[in-house]
Every structure is written in C-alpha cells, then in structure tokens.
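Peer 1: Got chain A sorted already, so can you dock chains B, C and D onto it with the hints?
4 protein chains.
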Amino acid sequence: MEVGFLGLGIMGKAMSLNLIKSGFKVTVWNRTLSKCEELAKLGASVGETPAAVVEKCKYTIAMLSDPSAALSVIFDKGGVLEQICPGKGYIDMSTVDASTTSKINEVVSAKGGRFLEAPVSGSKKPAEDGQLIILAAGDKELYEEIIPAFDVMGKKSFYLGQVGNGANMKLVVNMIMGSMMNAFSEGLVLADGSGLNQNTLLDVLALGGMANPMFAQKGPAMIQRSYPTAFPLKHQQKDMRLAIALGDQANVSMPIAAAANEAFKKAKGMGLGDHDFSAVHEVVKIPENASGK
Amino acid sequence: MEVGFLGLGIMGKAMSLNLIKSGFKVTVWNRTLSKCEELAKLGASVGETPAAVVEKCKYTIAMLSDPSAALSVIFDKGGVLEQICPGKGYIDMSTVDASTTSKINEVVSAKGGRFLEAPVSGSKKPAEDGQLIILAAGDKELYEEIIPAFDVMGKKSFYLGQVGNGANMKLVVNMIMGSMMNAFSEGLVLADGSGLNQNTLLDVLALGGMANPMFAQKGPAMIQRSYPTAFPLKHQQKDMRLAIALGDQANVSMPIAAAANEAFKKAKGMGLGDHDFSAVHEVVKIPENASGK
Amino acid sequence: MEVGFLGLGIMGKAMSLNLIKSGFKVTVWNRTLSKCEELAKLGASVGETPAAVVEKCKYTIAMLSDPSAALSVIFDKGGVLEQICPGKGYIDMSTVDASTTSKINEVVSAKGGRFLEAPVSGSKKPAEDGQLIILAAGDKELYEEIIPAFDVMGKKSFYLGQVGNGANMKLVVNMIMGSMMNAFSEGLVLADGSGLNQNTLLDVLALGGMANPMFAQKGPAMIQRSYPTAFPLKHQQKDMRLAIALGDQANVSMPIAAAANEAFKKAKGMGLGDHDFSAVHEVVKIPENASGK
Amino acid sequence: MEVGFLGLGIMGKAMSLNLIKSGFKVTVWNRTLSKCEELAKLGASVGETPAAVVEKCKYTIAMLSDPSAALSVIFDKGGVLEQICPGKGYIDMSTVDASTTSKINEVVSAKGGRFLEAPVSGSKKPAEDGQLIILAAGDKELYEEIIPAFDVMGKKSFYLGQVGNGANMKLVVNMIMGSMMNAFSEGLVLADGSGLNQNTLLDVLALGGMANPMFAQKGPAMIQRSYPTAFPLKHQQKDMRLAIALGDQANVSMPIAAAANEAFKKAKGMGLGDHDFSAVHEVVKIPENASGK
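Protein chains in written order, with this note's numbering: chain A, 975 to 1267; chain B, 975 to 1267; chain C, 975 to 1267; chain D, 975 to 1267.
Since the hints were derived computationally from the structure, they do not count as laboratory data.
Among these hints, one or two may not hold up.
Stated by the list, open to error - In silico EDC-like pairs for lysine to aspartate or glutamate, Cα to Cα no more than 16 Å straight-line:
1) Lys-1032(D) / Glu-976(D)
2) Lys-1130(A) / Glu-1118(A)
3) Lys-1208(B) / Glu-976(D)
4) Lys-1259(C) / Glu-976(D)
5) Lys-1208(A) / Asp-1222(C)
6) Lys-1130(A) / Asp-1177(B)
7) Lys-1077(A) / Asp-1040(A)
8) Lys-1259(A) / Asp-1222(B)
9) Lys-1032(C) / Glu-1056(C)
10) Lys-1208(D) / Asp-1222(B)
If we strip away everything but chain A, and leave its shape as in the complex, we get (with noise of 0.2 Å):
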C-alpha cells in the first residue's frame, strides 16, 4: 500500500518509519526537507511539496504541529489543494480543533477529495511503539481504505462519525484528564500538609478502584516536584479552554473543568506553561515560607 506522509516531527517520524517497517511504500514531506533524509535512508521516497505527495499517491496522511501548520500544507503555494481530486484521501491526524478541521474537510471535498480527521491520544512512546489510539471521524469509506495503515500506527482506532467528532472526542478525553490532574495534586498536597506519606497515598491508589496509569507515571515525579514534559501544561490549558468553549454551545456546566482550568491558568502565570500539566501540582503546593494560620 502507497501512503504519503506529511509532517516529520516527533510524532510524524515515529508513526511514518513504523508504516516503512511494515512495508508501506511511503512518500515523505517535510517543510524542513533536511528532516526527511534520515527516513530516505531507509527507503521513504522524498515529495518536493505537498501537492508533490498527494500528486503521487492514492492516500496522504497529515501529522503537524498546530492548527496554522494544518491549514498551510492546504493552502499554501505547492499545497494539497493543488492536487487533491476524486479518488484520493487526505487523512489528518494533527491535533486541531473542530473548526479547523471542519474547514480542511470543505475545501477538500470541493475539490473532489475524500477526508478523514484522525487525531489521536497518546505521545512520543506510543507513536513509536505502534501503540496510538486514533480517533477517526469524516469519510466511513476512506476510513476503512486507510485501517491497515492505522492498524500499523495505532493499538486501536474509532471511528466517530462526522466530520469535527475526533476533535470533540480528543478534548472530551483530555478535560477528563485535566481535571484528574489536579484532583490527584490536591490529593498528594493534602496528605503531605495532614502529615501522611505521598508514596504511601500512591500505594493506597494503585491497589483500589481509581488505580490508572497516570497516577503511577507521574506520581513518583510530582512528588520530587519534577515535572519532564510529556504533554506542555500549555497545551492542556488550552484544551481546557476549548472543553469548555464546547461546553458552552452545549449548555453543560462543568464547575470541576472549570476549577482546573483556572489552576492551570495559574500555573501559566508562575511560568510553568513548557511543564509538564503534572507541573498544575506547583499551584497547589503551600508556600514553603508559608508562616499564615
């Protein structure tokens, strides 16, 4: 199967050497073209430009950083406009919002193209271990062409409907997790101000009912007020931010979303928005020269 590939950062090159370790026959772009030689090496073949990608090849799978890089690849000079038409698929798995996304989808299908919105939840590690979950919404029949692409990158993907529901679904699940955050470091401050040990709060969680994976990882860290970035504080603020815009056109009220999201504002005041989010811990820490009562 012939894929094209578009975005070659952390996440991009990770996810495009596992299609070339599973016999894609993959086409790489990368606005720094210099990224792309480590892949050509290894037997990607190299697009001039965007258009150049979607020009040669049936699907093309998009990765970027943010919502500008998104509409770029589409609209600039050389970009996927120029050669998207019926028959072929583009397929991005950026995180961008609804509206982006939304955007992205008309003007594709105008031209004729087939799209698939596909973000998904997880990073680095499992990009590299194949281990993604992808959350696919847009064109079903495109979605089920590009499923063994999917099956290589990710542990498991959905298929959510229309075109804006992957967004949706991503900023559901990261408000949940925004929210646990800090739940989890009003938990660890607290046993330490009532004179408990927080590795044995950690023990306790990990044998009960809300035993998860992220209270393990981070937990051990936090405590040593260490906070290595996995997921930039700065973006899970603004996921918040847009949970609850989404909430807004809802009419759902969401007080504990709320809540965090103004302890991560917080701590994008202190200067922690390049943190980890687990750094939202620091806003709930007693000052150490603390004297009040």
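Peer 2: What follows is chains B, C and D alone, placed relative to chain A:
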C-alpha cells in the same frame, strides 16, 4: 489464633466469615444478636456483650457503621472499656473520623489496652473476597501481631503511624475519588451534549493513561442513569466535607475538591443522598425539558 | 452640532431622542426605516443608508445590537466605508468585543477616518434619563470633540486609551457583576435554607458596607422568583465567557468568575437564557421536591 | 436605665462609652481590670466579676472576643451563671457560632434568666459612631426592653426570631462579603492584566449598579497592595467555612462561596491570615517574576 469480632453488618459479616474459614477461632457479637446465629452455625462463638468478647479474646476487631456506634460499643454498659486491660488489643476497622478514633485510643490506652485504627478501602465485594485495603495506624506491635488476620481480610495492609493517620488517609483517597467522579460525569455529559457516543468515550478512556476500574465499572450504568448503591452519595459528600476541613487545618487550598463537594451537596438537595455517589452525574446532566439558548 | 445616528433600537432611540431634545441636529438611519418616523416627527432628518448619513455628518454615532450588525453597517452596500474619509469621525457605542472594534478601527482608519469605540454601562432607563456611563477608547481628539454629545447621553464618560480598552473595561465590569449576582443568590438561598427571612437579609445588606443598587433593585423580585429582563442572562454568560478568555490571554486565574460562568451556563441549560441574568438564582435554589438528606 | 457591660476590647469600649455618654448607668467588667479605669473616670461603676455585674444590673450586655471567652464569662468561677436568675436579662453581642450561643441560651434559661444573642455587623468606626447593625435573636420581650441601649449603639437593630438566627444571619452576610471581595479582586487583576487602569475601574464601578462602600473604601488601598486590618482574613475564612457548613446542613450548593473559601485558604497558606481579608487580592495577582506563556 483467637479473635473477637464486634459488628456483623454487610462488611463485618463477610470479614468475620473469612476469618472463620481460614481457621481463626472467632467470638462474635452484634447489637441484634440474631445476626450472630448464621456465624455460630459456621463455628463462631457468641459473646453476650462487647465486654464479654474482650474478656475472652486477646484481640478484638470492631466493624461498626458510624462514629456513634463505634463509641457506643466502648462506653455503653457492657462495653469494651469494662474489660480492656494490659495485654489486650482493640482494632477498630470502622470508617470514623480522626477525632473519634483519637478518643477511643485515649480511653483504651488509659486502661492499659493497646489500640489500632484500621479503616478499609473497598466495599461489599472486596470484603467477601478478602481483597480489602487496610489502612492501619496506632500501636505498631499490635499491628504486627494482627497481620495474620489482616492477611485474611485484605489483599494489602499499610501501617501509617500515629492514630488518626488511617482515618485521614481514607479521607484523602475518598476526596480524590469524589473529584474524579465529578470529572468523569462532566466528560460523559459533554460527550453527549456534543453529539459523541458515550460508550465510545468509555472505550477510549479504557485504552489510555486514565484507564481505571471505577470508570469501567460505573460508566455503563451511569450512561443508563442507573446508580445502584455501592457507596452512598451522602457518605461521599460527608467525606468530601471532612477532607476539605482537613485541608483547612493544613492551609491546603483545594478548589477542585470544593467544587466537587458543592456538586454532591446539590445532588443531596435533589434527593439522591441514598443513591450511589455516581449519581452526582444527575447534577451535571442538562435538564431534559430545557429550551434555553 | 450636527451628528448622525445609526441604529434606533431601545437604546439608540432613547439616546438619539435626548440629542434632539438638547438641540443637536440629528440625522438618523435604521435598518427598518419605519422606526425613523417617530424621530423624524420630533425633528430628525433621515438618511437612506449609513453611507448617506456619514456623507452628511461630520460625526456619526452607531448603536447596534451585536458585532454582526456593527460590521454590517460598515461593510454592506451603502455602508459607512463608502463615505468615511479624512475629517470625519465614527463613534461606535454598541457593545461588541475588542476584535470587532479593532477591525472597524482598522478599516475606518485606512480610509483616513477617525474612530472611537464607546460602549456604555447602563440599560434602558439610564439611556432614557441620559445617565449612561460611557467607556470611550480610540482617537483622543475625536473623543474631545464629541464630549458635548456624550454629556447629553451619559452622566459620565471615560477616555480609556487605545481601541479595545472600552470593550475590555465593559467585560471586566460585567464579570464582577456576574460574580456578585451569584454571590448574592447563594446568600439568598442560604438564608432561606437556614430559616432566615430573606427580606430581612436584604434590609441588613442595605445598611452595611456591601449596600449597592443592584441588590436593592433586584433582590425583592428574586425572592419572588421573578426575573423581568433588564440584561438577558445569555448575554451575561457571553460576557463572562469573554472575560475569562481575556484572563486567559493575560494569565489571570479567576476561579470565582469561572464558577459563576458555569452557573450561568447551567441556567441557560435550564431554559433561562432570555430571562434577566438574576435568574441564575434558580440554579442555586434547592429543588422543591427534594427529599434527600 | 442601668446596664452591665462585660468586655472592654476595641468594640466593647466604644459601645459602653456611647451608653455612658447617652446617660445610661453602666457597670463594666473586663478580664484585665485596668481597662475599666478609663471608663470609671467617665462615670462607669466597676464590677469585680461578671457575677457581680449581673447581681447589680437587671440587664447585662457582653462583647467578648470569641466563643471561648464568651463561654468563660458564663461558666468560670465568678461567672454569669452564679447570679443569673428570673427577672434578669443577658445579651451577648459577641460574634460566636450558633452552637455556642445555643449553649449559653440553654444554661441561662435553666436558671430562669432571659437570653438574647445580638451579634453586630460593623467594626471599630461604626462602634464608635453608634452606627452598628444589630442582629438580635432570642427572648422577644428582652429585645424590646433593651432597644433603648441598641438605639445608642447601633443605627438599626433587627429581631430575627429564635436563638441561632443572629449568628447565622451574620454568617450569610459575611459569606456574601467574602465572595464579593474575591469577585472584586479578580476584576482588579484582570483590569491590570489587560492594560486597563485600575483606578478608572474603581471610578466606573462607583457610578454603576454595583457601587458599594466596600469597593470604594478598600479598592484604592488594594491597588497599592496595602491591606490594613479591619477584619482579619483568618476570621473571614473561618466565617466562609462555617457558612458553607451551614449550607451543608440545608443542602444548599454554593460553588462561588466554596471557590472563595479556597482562595482565602490559599491566602492563609501564604501567611496573610492576620492581614485584612482584602489581602485575598494577593492570591489572584499574577506572580511578578512569571515568564510563562
């Protein structure tokens, strides 16, 4: 090994039964003595009063329903205080607050007795399966002597230091649980309000870093608006309140827990206090007859 | 002094009437031209289009219902842009967001025109009484030239600096208002729930440091669960959302405003969006059929 | 009219002085008797003990610092209980919780005495000016008999019904106050973070529907980050906590108050407990060394 057991409610019955099955010589007592019969048939001795049980056994375990019951078996006529003395150990596994447990510790110690608080995490099913998590605090030697019984009743026991730490650890754990339940409810309702399939959300969550038994077990019922009581909402709200009060003493600011507590209060106000704590989902739900925009 | 006036809704009609009564020579325009007749009888000239008004008058004031209407009178055929030019001033008193106002400023300035945003604080009654508070920002000279008109329409005008500051100041004020309304509602419900007389609470508040016209005016109706619309709840919620978004840009964490916003969203979900924003009181109230404990 | 007065702190001294100036025959007592001298020079008699004051006077007013002091003057040797009897009235104007006041009511009534709780709203300045707001509850006849004294000490008194209602009304009022202070702080910080002039915000607020003495008096100092103590933040936080507990009993969900309470806790954790409650402003402020985005 010979142990006394006070209190044969849902939890106490299951726990004492496990002790009998494992070869412990158990003397039981219950306020309603008729409840002792079933256990007597299985080999338990029956004590007429808590005092009689303590007189007979070196170790007496209690599993009562609330602080008031926990204090009654100590102070009432025929209560524990009449027979507790040097050499004897009293282990209270009821879920009570730190002040109740401290009071019991004080009077038991004043008589020369040894005291251990040992509240558990887990409800009916884990009690029956001997899979409780035991949060012990108080007399360390007594803890070590009673471990054979803990090993029968629980899958893991922790020794947490001074009396009060067991109760407080349980509050911290339940506080995290209550906040998580709210975060989860908000996610479920946002998914629904945004046109996403709630069961798919459960599937996505089950595959990611937040996967946990609580979401998996309660989620499907919550989607059906079914809340069979495993842990009553009014008890969850009480624990949230006590945890926030604990944070008050320690100057720990916990906005997520506070927001969750208010949601549980709202649920109580809606008449859901005796349902499972997952019924807080009803607070988040959009009223069905809503026409607002 | 001669001024144009675009938009004769509830606010615009009252404001232009005050200008006429004070001796201003006013040329009015309204999308539904029939609304101009009443003012024409009182001495106003009528313009066929916004462009016609701008052509005739050195100063044109606009009071439109929302950002979309504010943009239409600029960009549509027969719009302000066709006639705005050096020497002319355009003053938009509509309540719109900073990005709308910045866009208008940009295109008016590009044509050599001068621009002032001047949203107002106050609704129908203050408009009729010439008691509005005017939050002006943009061209300073234009501000000084138009002061005679502001003095007729308002009791006080402020010059706040660059375009956008007027819109943002209004958001800050409305955010405080929304939070206060929630605080007030919670107090009313707590009084009732605690067996206290709510009218007495109003009396006590009226005598103390928190005494304010809003509590005094809305309190008695709220106690009766009556919410005649002075400022629609859905607009209040929109302003809360925009204020929180403003805080997002500035890294200001605002948990009270966030909690208030969620309460307004809940009220919208209950179908109260078109009622007065004081209807958020209904969100706090204990359900009448509640049986929970 | 002859009255006893127990407690000559800042408030009690000002209040008893006003009684003397208005022609009341006052017998004072204070734990540190030396504080009585100044009032003795102005015509007061001095009692050796609370009991001596009660023996001498038909009406005894108390203004103590906290629940513990309020209970001490009742129960200690030489306390009120030794002389209270049918015909005598005891009026406690201290700010204490409903349970303390109920306890005092119980023992005073048991001796045949009459009891009125009468906490006040207002601090030093209103006490000096005889401008307190008096929230009385308990014996209605006693209330009517003591009105002449209330008229001297306060600008208005309310009779609120059964004992406990005075304490609870004060909690409701202070809860609204604490939430409003947080709303105000968020507005001030958002104004600053958005490039708006904070003093202009004060001016705008002063002209609108939210204008109130508290914003006017505390705002300018808050902008300067100055928080001279009129009402200590730790007492405000305690009142928020008690109000929320009151809501707990009544099943009233109060998310704004809960969020405000957590902000006050944060402020306490920052060492601001003895500053004015307006110091919660510091919790909202963006850290000055923040570099986050």
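Peer 1: So, for every hint listed, does it hold in this structure?
Peer 2: For each hint, the structure was consulted:
no.: 1; hint: Lys-1032(D) / Glu-976(D); verdict: 7 Å, holds
no.: 2; hint: Lys-1130(A) / Glu-1118(A); verdict: 13 Å, holds
no.: 3; hint: Lys-1208(B) / Glu-976(D); verdict: 52 Å, violated
no.: 4; hint: Lys-1259(C) / Glu-976(D); verdict: 46 Å, violated
no.: 5; hint: Lys-1208(A) / Asp-1222(C); verdict: 11 Å, holds
no.: 6; hint: Lys-1130(A) / Asp-1177(B); verdict: 10 Å, holds
no.: 7; hint: Lys-1077(A) / Asp-1040(A); verdict: 14 Å, holds
no.: 8; hint: Lys-1259(A) / Asp-1222(B); verdict: 14 Å, holds
no.: 9; hint: Lys-1032(C) / Glu-1056(C); verdict: 14 Å, holds
no.: 10; hint: Lys-1208(D) / Asp-1222(B); verdict: 11 Å, holds
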